[in-house]
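Trainee: In my numbering, the protein residues as written are 1 to 321.
Please note: incorrect hints may appear among the correct ones.
Said to hold, decoys possible - Result set (SDA-like, lysine to any residue): computed pairs, CA atoms no more than 20 Å apart in a straight line:
#1 LYS41 to ALA24
#2 LYS41 to SER22
#3 LYS187 to GLN157
Stated by the list, open to error - Label pairs and their computed distance ranges (CB to CB):
#4 LEU23 to GLU78: 14 to 22 Å
#5 SER31 to GLN114: 27 to 35 Å
#6 MET20 to GLN317: 46 to 54 Å
If you are wondering where the hints come from, they were derived from the structure by calculation, not from laboratory data. We put the CB at the ideal spot given by N, CA and C, even for glycine.
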Amino acid sequence: AEGNPDPQKVGAFGVGAYSMFSLAEEPMVRSGKQALCFVWKGDALWTKVVQLEKEDAGGWTTFCLPSRDLYPLPDMVEFGQFLCANLTFTQCLRSITVFVNQEPILKITKTTVQEPSLVTLSSSSSSDSSSSSWWKRLQNASGGTSSEVQMSTSLFQLQPMYESKQQIMVWMPCSVSQLTARYVSAKALTRIPTKLSQRMERVTKKTPPPSVTVQVLLGSTSDEDVTTRSRASSSKAQQITTSFAPPMGKGSVFIGFRTSQTTGLAAHLAAPLIPTVEREAIDLQDTSLKEYNAQLLQLCGMVLRLTLEHAMMQIGQEYER
Numbered sequence: 001a002e003g004n005p006d007p008q009k010v011g012a013f014g015v016g017a018y019s020m021f022s023l024a025e026e027p028m029v030r031s032g033k034q035a036l037c038f039v040w041k042g043d044a045l046w047t048k049v050v051q052l053e054k055e056d057a058g059g060w061t062t063f064c065l066p067s068r069d070l071y072p073l074p075d076m077v078e079f080g081q082f083l084c085a086n087l088t089f090t091q092c093l094r095s096i097t098v099f100v101n102q103e104p105i106l107k108i109t110k111t112t113v114q115e116p117s118l119v120t121l122s123s124s125s126s127s128d129s130s131s132s133s134w135w136k137r138l139q140n141a142s143g144g145t146s147s148e149v150q151m152s153t154s155l156f157q158l159q160p161m162y163e164s165k166q167q168i169m170v171w172m173p174c175s176v177s178q179l180t181a182r183y184v185s186a187k188a189l190t191r192i193p194t195k196l197s198q199r200m201e202r203v204t205k206k207t208p209p210p211s212v213t214v215q216v217l218l219g220s221t222s223d224e225d226v227t228t229r230s231r232a233s234s235s236k237a238q239q240i241t242t243s244f245a246p247p248m249g250k251g252s253v254f255i256g257f258r259t260s261q262t263t264g265l266a267a268h269l270a271a272p273l274i275p276t277v278e279r280e281a282i283d284l285q286d287t288s289l290k291e292y293n294a295q296l297l298q299l300c301g302m303v304l305r306l307t308l309e310h311a312m313m314q315i316g317q318e319y320e321r
């Protein structure tokens, strides 16, 4: 397989798409005025594109997976936590509704409750703690102001960071719960040498991306959310909600979706790291991928530290008021 050539896409060899055949014999995708049908003829898989009738066409894209077997209903808390975690870093997918016998039994919605704002760090402060901060020492070493400090590795050049707030709401027939989390994103331009790029392309079947985006999700510290966390066992909806923003030491690394690797912090981290074939871990075995992944992890560490510095600066400003 030649794989997915788009360097901005996580998908590679169609493993995720092919997994739908473990559930359905002949799945179908309906989008707009067309439908894509998968049909088996002996051991060969054929595809066919058909035009939908006017009454069947619409603005949605629908994946129809008629199950070949009957499956028991999963535990809704465990299933809801899985769905909630998968919404963590999605940009287009914002809402998931689960129906049983045409009746909604679970709905998870993610909304942006505070628009993105530029992360800035003051270049001057009257407090000793600020002058001894990691950011301040970096400024002094570079001889510049906070706006002039360039954060980079040999492969990546960090661009401005933005912070917003996102809220997850979980609805179930007998309970509703919501939680707010801080969301930080930073773009970085790549500077991949030609030889390294060629070695990476031989392995991944795609060229390295011209830019990458590092994303961080941290739990909010508002009184309302702390109260919600403390009562997490009182309802199923609240148990599902708490899977959105991680507790201390339970953050996960996301490469598209959540992997088995953790951050060791109360923060989820998403970056276009190159995973192993199983997509459960970061590939640090292949020599070319190791160099790329190691420096991208270094960049992620910078973003996490700058996020901490920004939060501490805001606390200091509130305290001085």
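Trainee: Given the hinted pair LYS41 and SER22, is their Cα-Cα distance within 20 Å?
Mentor: Holds - the C-alpha atoms of SER22 and LYS41 are around 17 Å apart, at most 20 Å.
Trainee: Quick check: does the Cβ-Cβ distance between MET20 and GLN317 fall within 46 to 54 Å?
Mentor: Given a distance of about 51 Å, which is inside 46 to 54 Å, the answer is holds.
Trainee: Do SER31 and GLN114 keep their Cβ atoms within the hinted range of 27 to 35 Å?
Mentor: Holds, at about 33 Å.
Trainee: Take a quick look at whether LYS41 and ALA24 sit within 20 Å of each other, Cα to Cα.
Mentor: With a Cα-Cα distance of about 15 Å, the restraint between LYS41 and ALA24 holds, given a limit of 20 Å.
Trainee: Decide if the proposed pair is consistent with the structure: LYS187 and GLN157, CA atoms, cutoff 20 Å inclusive.
Mentor: holds, 9 Å
Trainee: LEU23 and GLU78, beta-carbon distance inside 14 to 22 Å?
Mentor: Given a distance of about 18 Å, which is inside 14 to 22 Å, the answer is holds.
Hint violations for this structure: none, all hints satisfied.
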